[in-house]
Amino acid sequence: MLPSLRIFVLLWSLIGVIHCVQVTIPNPVVNVTVGQTATLPCTYRLAESNTKNLVVQWDFIQAHSQETTSHSPCYSLKKSSGNQCVNLAYGREARGRCSMRYQVYAFQNGQSFSMGNFASRVTASNTTGNATITIKNMQPQDTGIYKCAVSNFPDPLGQGQVQLIVQVAPSTPHCNIQGNIVAGHAVTLVCLSEQGMPRPQYTWTKIVHGVAKPITGAQQSGVLVIGNMTKFEDGYYHCTASNNLGNATCELDLHTGGAAGIIVGAVIGAVFLATIILVVIWFLISKKKNKKKHLKSSEMKTIPPGAGQGEAEEPARQTLVVSEPPETRVYQDVPENVAAANGEVEDPAV
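Per the numbering used here, residue 19 is the first one in the sequence shown, and the count goes up by one each step.
Hints listed in this document are in silico derivations from the structure and should not be mistaken for laboratory results.
Remember, predicted model here, so these are calculated numbers, not experimental data.
Check the hints yourself; a few may be wrong.
As the list claims (entries may be wrong) - Restraint ranges, calculated between C-beta atoms of paired labels, are given here:
1) Leu296 / Thr206: 39 to 45 Å
2) Pro172 / Gly128: 18 to 24 Å
3) Gly197 / Thr152: 46 to 52 Å
4) Ile195 / Val47: 38 to 44 Å
5) Ser130 / Glu212: 30 to 36 Å
6) Val47 / Thr206: 35 to 41 Å
Even for Gly, the Cβ is constructed at its ideal location relative to N, Cα and C.
Model the full structure from these sequences, guided by the hints.
This is the structure:
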């Protein structure tokens, strides 16, 4: 037999011996609304009727932060790993290390396991040939690629994948202004929703006399650039984030102050601050003066304990003498004159 023919026969015999587990994904793209239940279809066909070593595993690759490693749809497993879950899909951390935190579900030795953020959320079909799973309460962070891997040692592994999109209405966008709101300067208006799937479309409008007017300026992905601020650009701006599930808006108040306005505002602010400082100083000084005056008045009204009683009684005596009516003095002198005239003078010795 020719050498080339021998090689052909050998390869053909190997193909007849080694069979991959055939995995079929009936619906490779699944869309579901946030909070609802998603069904990820996966069927398989085994070359061996014995399912003692059957292993089914689902893995998750998050949409916005994953890197995947490409595997051959059919490769051999070592005998030592025949009873281990096969890790097909994995994410990479910032350091590039493998992370198995994305495992969703595994079936092995007749037992089912749901893991990580999917624990108690997964229901699986336990019939042979069907690896379909159902996940309840889908959230935006569940959007990504789900890989279904089936192995039945010694048959090599087969796999397929489903793209799952969790649809959610846009969250209220955040609007902000980048740049100085001064005439003649460039200003950028930014609008962004943290959530929204499909990705929200952003539209800027300007409110003129209560009516929203479309803006013809350059706007892309929620960014509106105003190259040269003038009074014509003054006003209120609305940003609308929308997708097929709904929309949300935010608003910005854009008014130019100009260099003169900035200077006037600074001067007014400085004068106001200086006035407050002067009022506080005046209040403290007045309070201190009033306190000293009160203490001095209290000292003047207090009588010293060492002062004599004579000094205290003298004003009273003077008051009595001064207030004594003159008629009283004349009345006291009359008896003395009468007695002298009558010779009735009393002996002092008596």
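Going down the list of hints, with the structure as the test:
1. Leu296 / Thr206: 39 to 45 Å: holds (42 Å)
2. Pro172 / Gly128: 18 to 24 Å: For Gly128 against Pro172, whose Cβ atoms are near 19 Å apart, the range 18 to 24 Å holds.
3. Gly197 / Thr152: 46 to 52 Å: Given about 50 Å between the Cβ atoms, the range holds.
4. Ile195 / Val47: 38 to 44 Å: Given a distance of about 39 Å, which is inside 38 to 44 Å, the answer is holds.
5. Ser130 / Glu212: 30 to 36 Å: holds (35 Å)
6. Val47 / Thr206: 35 to 41 Å: 36 Å Cβ-Cβ, so the 35 to 41 Å window holds.
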